[in-house]
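Novice: Using the hints, position chains B, C and D against chain A.
Number of protein chains: 4
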Amino acid sequence: MDNNNIMNTADFDVLHEECGVFGAYDFDGEDVASTIYYGLFALQHRGQESCGIAVSDTNGPKGKVMSYKDMGLVNEVFNPENLEKLKGNIGVGHVRYSTAGSSVRENAQPLVLNYVKGTLGMAHNGNLLNAVELREELSYTGAIFQTTIDSEVIAYLIARERLKVGTVEEAVKNAMLKIKGAYSLVVMSPRKLIGARDPFGFKPLCIGKRDNTYFLSSETCALDTVGAEFVRDVLPGEVVTITSKGIESDTSLCQKNNARCIFEYIYFARPDSKIDGMGVYESRINAGRILAKTHPVDADLVVGVPESGNPAALGFSLESGIPYGNAFIKNNYVGRTFIKPKQAQRESSVKVKLNVLKEAVAGKRVVMIDDSIVRGTTSARIVSLLKNSGAKEVHVRISSPPFKHPCYFGTDIPSEDQLIATGKTVDEICKIIGADSLGYLEVDRLSEMICGGTGFCDACFTGNYPMDPPTRDIRGEMG
Amino acid sequence: MDNNNIMNTADFDVLHEECGVFGAYDFDGEDVASTIYYGLFALQHRGQESCGIAVSDTNGPKGKVMSYKDMGLVNEVFNPENLEKLKGNIGVGHVRYSTAGSSVRENAQPLVLNYVKGTLGMAHNGNLLNAVELREELSYTGAIFQTTIDSEVIAYLIARERLKVGTVEEAVKNAMLKIKGAYSLVVMSPRKLIGARDPFGFKPLCIGKRDNTYFLSSETCALDTVGAEFVRDVLPGEVVTITSKGIESDTSLCQKNNARCIFEYIYFARPDSKIDGMGVYESRINAGRILAKTHPVDADLVVGVPESGNPAALGFSLESGIPYGNAFIKNNYVGRTFIKPKQAQRESSVKVKLNVLKEAVAGKRVVMIDDSIVRGTTSARIVSLLKNSGAKEVHVRISSPPFKHPCYFGTDIPSEDQLIATGKTVDEICKIIGADSLGYLEVDRLSEMICGGTGFCDACFTGNYPMDPPTRDIRGEMG
Amino acid sequence: MDNNNIMNTADFDVLHEECGVFGAYDFDGEDVASTIYYGLFALQHRGQESCGIAVSDTNGPKGKVMSYKDMGLVNEVFNPENLEKLKGNIGVGHVRYSTAGSSVRENAQPLVLNYVKGTLGMAHNGNLLNAVELREELSYTGAIFQTTIDSEVIAYLIARERLKVGTVEEAVKNAMLKIKGAYSLVVMSPRKLIGARDPFGFKPLCIGKRDNTYFLSSETCALDTVGAEFVRDVLPGEVVTITSKGIESDTSLCQKNNARCIFEYIYFARPDSKIDGMGVYESRINAGRILAKTHPVDADLVVGVPESGNPAALGFSLESGIPYGNAFIKNNYVGRTFIKPKQAQRESSVKVKLNVLKEAVAGKRVVMIDDSIVRGTTSARIVSLLKNSGAKEVHVRISSPPFKHPCYFGTDIPSEDQLIATGKTVDEICKIIGADSLGYLEVDRLSEMICGGTGFCDACFTGNYPMDPPTRDIRGEMG
Amino acid sequence: MDNNNIMNTADFDVLHEECGVFGAYDFDGEDVASTIYYGLFALQHRGQESCGIAVSDTNGPKGKVMSYKDMGLVNEVFNPENLEKLKGNIGVGHVRYSTAGSSVRENAQPLVLNYVKGTLGMAHNGNLLNAVELREELSYTGAIFQTTIDSEVIAYLIARERLKVGTVEEAVKNAMLKIKGAYSLVVMSPRKLIGARDPFGFKPLCIGKRDNTYFLSSETCALDTVGAEFVRDVLPGEVVTITSKGIESDTSLCQKNNARCIFEYIYFARPDSKIDGMGVYESRINAGRILAKTHPVDADLVVGVPESGNPAALGFSLESGIPYGNAFIKNNYVGRTFIKPKQAQRESSVKVKLNVLKEAVAGKRVVMIDDSIVRGTTSARIVSLLKNSGAKEVHVRISSPPFKHPCYFGTDIPSEDQLIATGKTVDEICKIIGADSLGYLEVDRLSEMICGGTGFCDACFTGNYPMDPPTRDIRGEMG
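Residue numbers (UniProt numbering), protein chains in the order written: chain A, 1 to 479; chain B, 1 to 479; chain C, 1 to 479; chain D, 1 to 479.
Nothing false has been slipped in among the hints.
Copies of one chain are not kept apart here, so a pair can be met inside one copy or by any two copies together.
Mimicking DSS-like on lysine-lysine, the simulated pairs with C-alpha atoms at most 30 Å apart in a straight line are: (1) 351 <-> 431; (2) 392 <-> 330; (3) 178 <-> 117; (4) 87 <-> 351; (5) 340 <-> 330; (6) 387 <-> 340.
Please keep in mind that the hints were generated in silico from the structure rather than gathered at the bench.
Only chain A is shown next, with the shape it has when bound in the complex (with noise of 0.2 Å):
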C-alpha cells in the first residue's frame, strides 16, 4: 500500500509518459517470460509504477494463460521464481505509470481474459478520448467493467467484433473503426502476436527479430537489449499480425494524415531508440544546434539538466563553441520509496537528488539546458542552486516550445492553471525561474528538429489538435 509520506515520481516537476509495451512470439516453442522481462528493462522509462507479463504456450492447450503483475517496478516485482512459473513461448508484457486516481493494482496490465474465440493477453500504451462514451455504450449492452483502464473498453470491442468476422486481426482492425484516440497495442491470442497503431500513429510501436522469435515493443532500445534486430516500424494505422507464417499485414486504415507525438522525441523516448526512422538523440543534438542559432547567447559553459537536458547541451555547445561541462551530479539511489523530506526539514527534494559541481560553474556564464518547464518550480530551483554555486550568469534555453495545452493521449500533464506558460510570456517566465535569459525552441523549428519530418502532434504547444480534443476534460478518469 502506498504511504502519503513516501514520495512518487510525480513530485519531481517532471511529465510522465504513461506506458510501454512489448510482446515476442517465439516460433521454435522456447520460453519468452524472461526476454520480456529484458525488454521491459529498456521501456522502464515509459512507466514505473506497474508492471506485468502474461504468456501463454501455442503448441500446449489452447488459450492457457499465465500471468503475473503487481505495482513496483520490473525489478521490484519480478523474481526468478515467479519468473519461472510463465511457460509459454509467446507473451506480452507492459510497464506503467498512471494518474493518482488508478494507482491501484487491479489497473496494472497486460489485460489477461476469456472471451467467445479463447484467451486474449493485451497490453496497451495510449490514451481514448471516447472511453467513456464507448464504456457507457457498452453497458448498455451488458458489459461489466472492473479495471478503469482503455484497454478493457478495447477488449470489449475486440470480443464484439470478433463474433462477426473470422480472425481476430479483422476484429482488432473493425474495433480500431470505434475508438478514438491514441494506441499502440500490442495483443497475444492462442496462436498470433498482434500489433496495432492508431492511424494518427501518436504511439510508437516497431518489430524485430532473432533468429526465430518476433518482437514488438514501444521502441527499439528494447530491441537492441535483447539482442533483436530492427525490422521495421508498424505504420500508422497498421495491424500487423505475426504467426507462423511470418507477418502479415493490414494498411486498410492508414491514413495520410499522421500525429505522431513531438514529445517522443524532446523527452519520452529513450536517446537510443529511433522512432519512425527519426533517431531520438540525432534530434536532441539537433534541438540544441538550434537553440545555439535562434537563442545564441555569450557564455563560458554549456550544461545540461540531468538526464534529459545533455544531448541538446551538446548540440548546443557544438553549435556555438561555448564549452560544454557537467555541472550536476544526480543520485540515482532515489528510488520510488525515497522519503519526501517535510516542509519543516531543511533537506530539499531537489537537492537529495541533484548536486552542483562548484568548482565547474563557479565564475561562470552557464547556458542550462533543460527539455520543458512544466510548473517552472524545479527550474527555479536549480537555477537558483547554480547561483549559490557561484554561477555569474544563467541562460536558460529549453529545447521545446512553451507548454501550455493538455495532452489528451496519454501524457500526464497538470491543468493548465499549473502550466507556468499559460498565459505568461517568456520575459514573465525568464523573471519567476531567476534566469538572466530564457529562450525556447520555436513551434517552427520542431520539423527541422527532426530532419524535416512532419506528420507530429504538437497541440501541447499549439492546441491544434489533430482530432477534436474531447468537450469535457476525460483525463484522470481514464487512467
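Specialist: For chains B, C and D alone, kept in the frame of chain A given last:
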C-alpha cells in the same frame, strides 16, 4: 508466489469448504471495514487461501468502491494501514479456498465492478452447475471474462437483467432464474445491501443486527464475534434487500424442495454456529450419540480427532458411558507456510501436527471418533500413532456416512478414484486403516442427527443429487 | 517493525514462558537444520516472538557457523531457501518470548560468537539473578555487550574460563559456578554439543536419540515430533557433553535441593511432554481431580477455558462425575498480527478469540476450570460471556494456587500491583470476576498434583524463593 | 536471503569501496535520524549492501541507543515508520559494501554496544591490517566476537582503554595506537560525537555545520545534501570531539607521512565532493587532460564509459579539441535485484545495462575513456559494442595507471591472478580488449592529476605500500 516445498492445507487429508461471505451496512454512516475484518476472522475456517473487503460510502459520491484483496489469511492480508483506507459504511467481505488450478490473486473476492447502473461489490459462496454454459452464452453476446470465478458470471447476468428491470434486487432475482447450483450471495450496490440464497438453500446465509448496523453472514458465529444479534436466516430462494428503509424480502423463488448441505453440520460450519435453526455443535453431539447406539463397542476411552472429532466423541461418551478423554495434542502453530517434510525425512506432516498423549491411551481400548474418511491415509496414520503409543485396541467411528460421490456444489473433494469408500466395503476400509473395528453413521440417521430436520443434500453419500449433475465433471474449471 | 495497533500475545491476560531450546548432532554427518526446524515447531508455545537456528559442520573447516534468526514464528522466519543454506550436522535452535523492552532482532537467539577456541553457538532458557553484577564485573575487564540477553553474559564467562581449563565443558561448568538463577543451556562448539541445567533445575532439559543423531530439547514433545526416542532428562546441575565418543556427564554441581518450576506442569509445558519423569497431561488431570475433592460443587457441566484448562476440567469431571463438555470455540486464526479492536469499537479481543456454545451452557450450572488468574480481567470477561449465554451459575476452579509473587527465573509476569490475588481474599476475587464460587488448588496439594514429586519452586504462590531474590526488581532489564 | 540467480553489483567488473560514514549532533535537541537518512543517500555509492542508523538522546536517560540496520539500500531499509522511531539528537549512520563471505545482516553497521561507561555507537570505513592479531590478543583476555567486522575490534580496544583513561576521546586515541591500517571512524558516546582518521589518512572524513547541528561525513557531497556548510577536513591522525562546548581537536597522532587513497579521486568518491581540499571532479578532468597530452590520438569523438568515465572524457576533449559526445545510454533501473541472464540466454548483463547510440559512433574514430580496467572482460565487451555499432576505431584511454597490486586498506579488488594488468604489457591488454590503441595514465602523473598534491597511496599501481602489507592475505576474513 507459491513454493512447491511449502505444504498448504490441502495436503492434509481433509475436505474443504470454498467460501465465506460477510456484509455490513451501518445506517449511522460509520465505517464498516474494521467490523467486516473481525467478521471474516470468524469465517476464516471457510476459506484460508485469499480474502478481501470492498466498501462504499452510501452518503458519498455514488458508486465509489474501495477494495483490498490478496492471497493469504485475514491476519496476513490486512494491516492497520490498508484497513484504515477502506472508508465506507456499506461493505462486503469474503474468505476463499480454491481448487489448485485457480489459486491466483485475480480470483480473490469480492468482485468489484462498474456496470450500467454504477457499481457492484459481490461475494459468493457456492458453485454453479451451468457456469460453463452461461459463460459460453454470455461470450456469444460479447462478454469478456477476467477471472474464472462464478461470481463474474452472476455479475454479468445481474448487469444484463438490470437493463430490463427497475431495481438491482429484481435483477438479482431474474439472474437467479438463469443460474443453477449452489450460491449464497452478498451484493452491495451504491445504496443497498442484498443477500440471496439459491432455492435449494445449499449454502447458509443469515441476517444480524447491532444498533443501526445490519449484517449478512455465512454463519451466525461471525454475528457473535461482532456483537450482533441474530435476526433470522435468509430463506432458501429468498432475496433480502437492506436499505435505509429496512429489510425487504422477496420470496417468490422459494420452493418446498430444499437441499441444505448436510456437511455443514458434520464438518464445515463452526460448532458455535446455528444454521437454519439447528445448532451445529448439538448435531455433532447427536452424531456421536447415534454412533454409540448403532455401533457400540466395549472400550476404555473415547477420543476425538482434533478439532472436528471432539464434539461427536463427547456425544459418544455421554451415550455410552465410556469416559471421554484427550489423546492428541495438536500443534496450532503449523500455518500455511509450514515447510513439508520431504519423503526421505524422518519427520512426517502428521507427526508434526499431531502428537499422542501416550499416558492417556497406553494399555487402553480406544474409541477414536472422526468426522469423515477421505483418502484414508491420514486415518491410517492416526490409528498407527495410537497403536504405537500403546493403545490396545482402536475402534474408529465416523460421524458421517461413507463419502462416495463427488460434490458439484462447492465442496472440494478428490475424484472418486481417490475416495477410499468408493467400491470398498466397510470391512475393507477397516483393514486398510488398521483399526480393530470401524463404524459409520448410517445415511438414514442423518435426519436424526439434525433433530428430525429434513430438506438436506446428502448426495456425497447417496448420489441422490437434488438437481441433475453436470454431464461432465466441471469441478476445477470453475474454481 | 512493530505496529502499535497490532495486538501481540501479551495482550491476552496470560503468563509467558520465555524460551525453548533445541540441539541436534548427527554423527552420520547429515544436515540437521531441517530437523531442528521441526523441533522448534514443537516448542513454539515456549516463545513466539523470535526464533533462530545456528549450525556447523563438524567435519568441515573448524568453527564455521551459519545461522539465521529473526523476529517471528518458526513458520514465518524460515522458508525452504534460508533453511537449505544452513549446512551442518550439529546445531542449536531457539524460540523466544521477551518482555516488551528488549523485543528487538538483536536479542534473538542462538547467540553465535567467536572466542579464543573457535566458535560457539548458544541457546538459553531462563533468567539470571546476578546478570547485572556480572555485566558490570565483565565491563570492568573490558567486555562489550551488543545485546541485552543473559546468554551474552554466560558466553563471556565460558570464554574466560576456557582460557584456564582444557575443555569447553569444563569452562561451562566453571561459568556455572558464577551465575545464579535459572538456565537450561544448549551449547554447540566445533565438535561438541553440550547441555547444562542449573543446579536447582528450574527449567527442563532432556536428551533424545534417533539412529545416530542425538538431541537436546526443552521438552520431550519435540523429541516425539522429530521421531526421536527419549533417553533421559538432564539432571539439575548436570553438564552433558555429546561427542562422537558418546554422552559424557559431569554431575559435580548437582545438589539435593531442587526447584523445578511447578508452572511448567500447570501451564507452560505442552501436555504431551514429560518433565523429569512426570507427565504434564497427567499432572493437569490430577489438578482437576484434586479441585473436585477440595472444592466440590453441585453442577451440571464442567468446562475448561481452552486450551490449557481442558485437561484439568476433564480431571474434575472424572472425579466428580459431573459431565465434561465444551463451552467455548477458540478461533485459532487469531495470530500475532491480529489488529486489536480500539476501545470505541464494539468488538473485543476476547470475543474475537473465544465464542460460547450457547446451547451447551444455557440453563446450566457450569464449573469453569482455568489454569490461573493473572489480572482477572480475562476471567471476568469469560464468566460474563458464559452468563450472557444463559449459564445459570458459573463456578470457577483454578488448577493452581493464587499467584501472588514475582518470578525472577524467566516467567514474564506483571508486577504485584497488577496481580489480582495480591492482597485480596478469594471471596473478593470471586466477586470481581463475577463468579458464583471460586476455588483454587491449595499450595499443599501441589506435590499431590505431580504424584508426590518434590523439589519444585512454588515461589510465585508462596514467596519462598529457592535462592535470595534480587534486592531490586531486575526483570525487564535482562530481557 | 540472497538468491544465486540475482546479480549483485559485484558482477559488474568494477572496484568497490567498502563503506561510508555519517554522524550528526543537534545541539538544539531535534531528532537527527531523518537528516542522517538523507546524508546516507548521498554516500550510497560507497556501499550498497547494508546500511544502518543509530541514535541517542543526549538529554534523555544516559546511554539509551536506538538503532535500525539491515541488508539493502538506504531506500529499501528505511521507511517512515522505522525512521520515526529513531528518536535522538545525536546519531551515526553507515552504508556498507562487503566482500562476499561476510555479507550477513550481523555485520551491518553502526555497531551499537554497552561497555563500562555506557553506550557507544560506531561506524567505520576502512580495513585494519592487524585485526587478526588483535582479535587473537583480545581473545586471550576473554573477548568474544559476534561479528567479523573490524569495528568490533576497535570497540573492544576503546572499551579497554576507557578503563585506564578519563575520557572516551582519549580511549579512542589510545586504541588508535594499537590498530594498524585504514580507518575513518565516527563514534557516538552518550554526550559526544567523535571523529577520527588514521594517521595516514587513507579514508576521507570531514566536518560540517548547519545552524546548531554538527556533522561528520565521509564526503562533502553529503554535507551539501543536508544543507550543511563544509567546516574542514579531519586531519590524518586527528581525533575531533564534538560536544556542547564545541569542537575539540587532538592532533598528537598526526604525522607527516600521509597516504590518502588516490582511488577516491579516480573512481570512488562522488565527483561533487572535495577531499582534503582537492575537488574530485577537477581531478578527473585533469586526468583526461593529461591523457590527451601523454596518449594523443587522431580521432573524431571522445566518449566516457558512464558514469565514472565522463569527466575524464570531457578533460580529454577540452585538451585535445576532439569533440566530446555520448556514446552510451545506461539503464539506471538495473538495481540490486536484477535477475542475471543465464549463459544460454541471448541477453547479456552488459547489454541490459548499456546500449550504444549507434548514430553517434557509426563511422567514427572513437576515444573511449574509462577509469580503470580490472579483469578486462567488461572493457572488451564495451569495445565490441562500439565496434558492432559501426565505430571505425576504438582508442581506449584509462584515467589511472594499470592496476596490479592488492589493496589491504578497504578496497575490494580481485586477487592478482584475476587482474588483467598483472604480468601483461599494455600492448597485450590492448589486444585482449580488442582496442585499436590503449593508454594509461602514468604513475608519475598522479600528483599532477590532483594539482600537485602529495601524500597519497598508490600501492595498487606501484606496490609501494605505506605500511608493511600483511604477510598473508587477510582480505575476506575481515569483511
